[in-house]
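Participant: Sequence:
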Amino acid sequence: MLDDFLANLAVNLAHELLRAGADRLRTLAFGDAEERSLHHCYQAGFQAMLDTVCASLDRDHQALVETILRQFVTAPGVAQTLLDVALAGADLPDLPALRAAFDALDFDRATLPIDFDRALTAFHRSLSETLVAEATRPNSPLFNRVNLGRMLTIQALLQQQGFTLETIVQRLQRLETQAGAIVYNVIIAEATGVAIGDGARVEHTLPADVRATLDDVLRRLTKPKPLKAIPPSISPPRTEVFVGREREKNEFQRALKGVLGVTSETDWAQVFFICGEGGMGKSTLLGEYAQICEAHQEQLFWLYVDWDLTGINSQSGTVKMMQLMKDWLQGKYQLDFPCFRDVETTRSTILERVNALRSDFRGDSQEQFEHYLRANLSESDYSFYDPRERQIKYSEAFVSDLCQIARNRPIILMFDTYEAVWHFAGDWIRGGLYRYCLGNPEVGRRFIFVIAGRIPEEEEIRHRDCVRSYARPLAYYSKTLDKFTENDINDFLSKEVPNQPIAPPLVSRILFVTRGIPLAVRGIAELIRDKHDIMQIFGDIKEPLAERHVLPLVTQRFLKYCLERQKDWDRDCIYTFAIIRQSVITESSTGISARRHKFLRDIWFKAKLINSSDDFYDTREYLRRQYSFLLTSGEMHSDVRFFLRKALHQAAIQQGRLIELNEAAKDICETRLSEREGELKAQYGHDRSEREKYRDVQWQEWLLDWVNHCLWLRRYDDVTKRIVNEYVMAMRYGSEGFHRRLLSFVKEDELFYNSLPPRNKELIEKLSNLSEWSGEASLEAAKEQILEFLEGKQRILAYLTTAEAAIKKGAFEPARRQIDEAVQLYTKLYTREGQKDQTVEKEIGNALFLLGQRLSSSSRKRQIQQDSLSVLKEALNWLPDSANIRCAIGNTLLNLLRPEEAKLYFKRALEISKGTSKEAIRGLERVDHYVNTALFHPRKQARILTVEGSVLSSRGEFEEAEQLFKAAIRSDRSYIPAYVKLSLLLLRAQGNPEKALEILSEIEVDKISETYLKATVYDAYGATYLVLEQSDKAIEAYKQATDLSPEYINPWNGLGKTYIRLGKAREAIEAFTQALEVRKRNRSLRASLFWIRNGLGMAYLLNDQPNGAADSFLLAESLCRRCLGKETLQYYTLANLGVALFGQHKYEESLEEFKRFAKICQPRGLVQELLADVQLIGRCAGIRGWHQITAFLTSLLQ
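Okay, so the sequence shown: first residue is 14 according to the numbering used here, each after it adds one.
Calculated from the structure, these hints are not laboratory results. Here the structure is a predicted model, which means the values were calculated and not measured. Warning: the hint list may mix true and false statements.
No farther apart than 30 Å at their CA atoms in a straight line, the calculated lysine-lysine pairs in the DSS-like style are these [as the list claims (entries may be wrong)]:
1. 1020 - 1046
2. 855 - 920
3. 855 - 841
4. 1159 - 1172
5. 1008 - 953
6. 1093 - 1052
7. 262 - 492
8. 841 - 953
9. 874 - 916
10. 345 - 270
11. 1093 - 1008
12. 734 - 821
13. 492 - 508
Throw the hints in and build the complete structure from the sequences for me.
Facilitator: Right, here's the structure in full:
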């Protein structure tokens, strides 16, 4: 770990400094005890220097710093000077010699630009503070051995690098020679508040120039500041206006009631993961959470931390995070952390022993010293020195104290700006806080964690999986904050600027300018409040004042860490992602992706941002890790790109090397165009190559890139001439729509098109009317044919693009509809005469793949996982050779606890990838882990057996399913789902309600704590009593289930069936309608509920409402046919399809579907239920021939 590397380096530098200055220490009669104390103090000084120098460096550059500082410390005169700064009795320090020694070092200062003055100031400040604390400690060996006055004076003069080192030495000499050492007593008293000697002030006796120097030092001294009651880093933001976010607030309030025990609910979220771009209101939401906590401040302990304000980084490490949280909680609530205090005390004692051993050590390397320590320290003591073991001890102590505190009151920890620490603290938060706090069986439910920040998706997934491993599935709540809608904007502005009514059209305009980002909307509100004239703010349609105000505001927030901290190199690399054109065709293609990466690399190389290909990959990984809130998989987030491009184009933010980057990109495009034309000439010959280049994707992409960067450089005449020429030639040669794409690239980009001069814009408009241009008749016919084909293809891609956007927003049903539209259109256009388009098929497959993945990650509910499995298998039909899709199917099957099936998919993925798929390898390891874990964990084994039994049962393999359910019960007698599944199988497959009731009676319902699980038991009781014709008991059981879990559909269905059997049509309609309402509130792809529609149809018939019945049966038929292609429940779908057709008087079709059902299986209980349904429909509707169907169903029971 980097922080451990720097800590060890500080230890070694202090050791080498004392070794190099050994002669000076002997001269001043410093013994071993004094040396050990000095080592500790100088170690702190070097640690501060390293934190300053290495804050933004990678591991390789830190290693270079190590080499430089080792040379510096051992350079002649350096150690003596650094000791003279501090030690009593030493000569006046030769500070300029330090600068000379540093300047003499041989290293590339362009590669490693170390600010010597800043580093020296940090070193001396930390050394001074540590020496003051040590020298004033009771029984300290450094008492009266340190020149505190000299140190404090040097530190005062070093502040802000206001003086040269030569000037500082001159002032020291003047003070010490003309005023004497007594002047330092004045300085010490001023800095520490401790009077030395008789406390008499001597300023009036000093010469005027010396007194002026003393006054300057006293003015510059950094006096100790009293601690604020609430430091900024733990002071949550507050706002009087809070709009929207109702669901997020409600979930938090619900969780708060849960931990406080003021609700009967047993399931609530304990980890809130709040994501979003900068300016989306994450901190504001946490401020609202803090106010909610304050309302219960006597009942809980809560802490808000803004990690960005703490200055914590990877060098500080997680131990520093724990120390800060411990200190803040102690200060706020006077809490005790005994375990943590013991670890700190033991650690301090061990370090003193380590320092003592270091003074006796005579080796040359750190590795030798490590062996020496192991030989002289016990294993337990050495663990306090070893960085990894030390962190574990601190973590165990911190978590142990938190759990003990939680016994008194619940604890809520809110972490804001998590992006500042996630890359080094994520493992500790997941493996430490979540695992041992949430996973604590006694107090685990007394914790709530709120994590907010600009966090990459993969980190969110890691947190989700971790929480669900150590707590309940519903303990995790994740939300990517939505943007403001027009209603939100209207509500916000009506509260922020109540005296300025906003017309609806203007609200729409504000939404367009701000893209609904709350920070931008707040900026508009401030502008309205300042200007008071709304028309002045939005008067200029082309570039309104509102936009000029919002752009820098939002962009600065988006580009935090690379603009605010003036990392010019980072900024220019980020700008490159914004100015590079985003291709609209086959963007997921490996070839296109590789070309874009190569283009990015060439731009950086030509602009001298990198020196080699190795630098490119390191840089790209560094940017992806450091700026994950801007970039994902090499692409810039859409909102960031939108605002950044506008801000750069309008010069609303600093431009950096924008022109150089675009010049480099334009030159590269020209070179690539020339090279590609040469390749085409070599392949096709001179004449044909002119035609082929307009069909060549590589040439087209480079031409569009050239146009893009010329527009950035505002070379409008060059761009217009090139577009006119290439557009006409592309039409002539039939470029498959490239001429239109070339034109639309300019016309559809509002940023560029609005900035075109009027003449250039007029030429572009004329080109758009050139589509009717024709030469020979054959060319015109070919053009029309190609256009028809391309328009269809473009529509397909548009559907898929819309679907992808919907998927990313979590709108899965609209995405599914868009994909279905694309598939239907593709079938219509491309299947004629056996035509295919692999590119389009790949896009359809990828869209389905993305939908399946997002569905799987959206929820661990079995229903959603089953939906995901169906979608992924559909994707596999389009891309049968995709190892990634097979791995995704395998992972979903594992989520469904079907390891044996998953294993087959992972093996096939490994075969397709020729053994290179890491995901497949990990998947097979997961399968083995599942199987091995189940062998030693009865509960997990019972779950797997129950799931596999359910799969077999849904396929009609009832005997095998029964054996698995019984095996699950034998594995874990307390696993309730196995009893429920077995009872329902006995009831519906075998028609044996007595045996089913016997199984259910083995369940101790009162001991079940989970409400949903208890509801499933009552539902099973209801179904059993219904078959036993004990209607009153059935109704009672079903109502108990709905009371426990109103969102559970099955008991509503059972209640409706029971009322039908009793002839209570109205009550049945009400029950089925309630089931459909539940469906509306819990929308999913799979829950089509055709059986509910059939039940509702029968209830309408019983209530003498034939039209309502006909509609219900028709909809049931449609839903059944839609579900017939799914993997499981085919027999059940066919049985319901038969009922739906029978209800529509489609006798022959109904009988055919019942026969198809009987070929799969003949579950006795379900057949009895079907027989009763058919008889009811036949009697109520007067359908002819229903006796023949009942005869067929009766024959199945014999």
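Participant: Please write out, lowest number first, the hints stated earlier that are contradicted by the structure.
Facilitator: Hints 8, 11, 12 not satisfied by this model.
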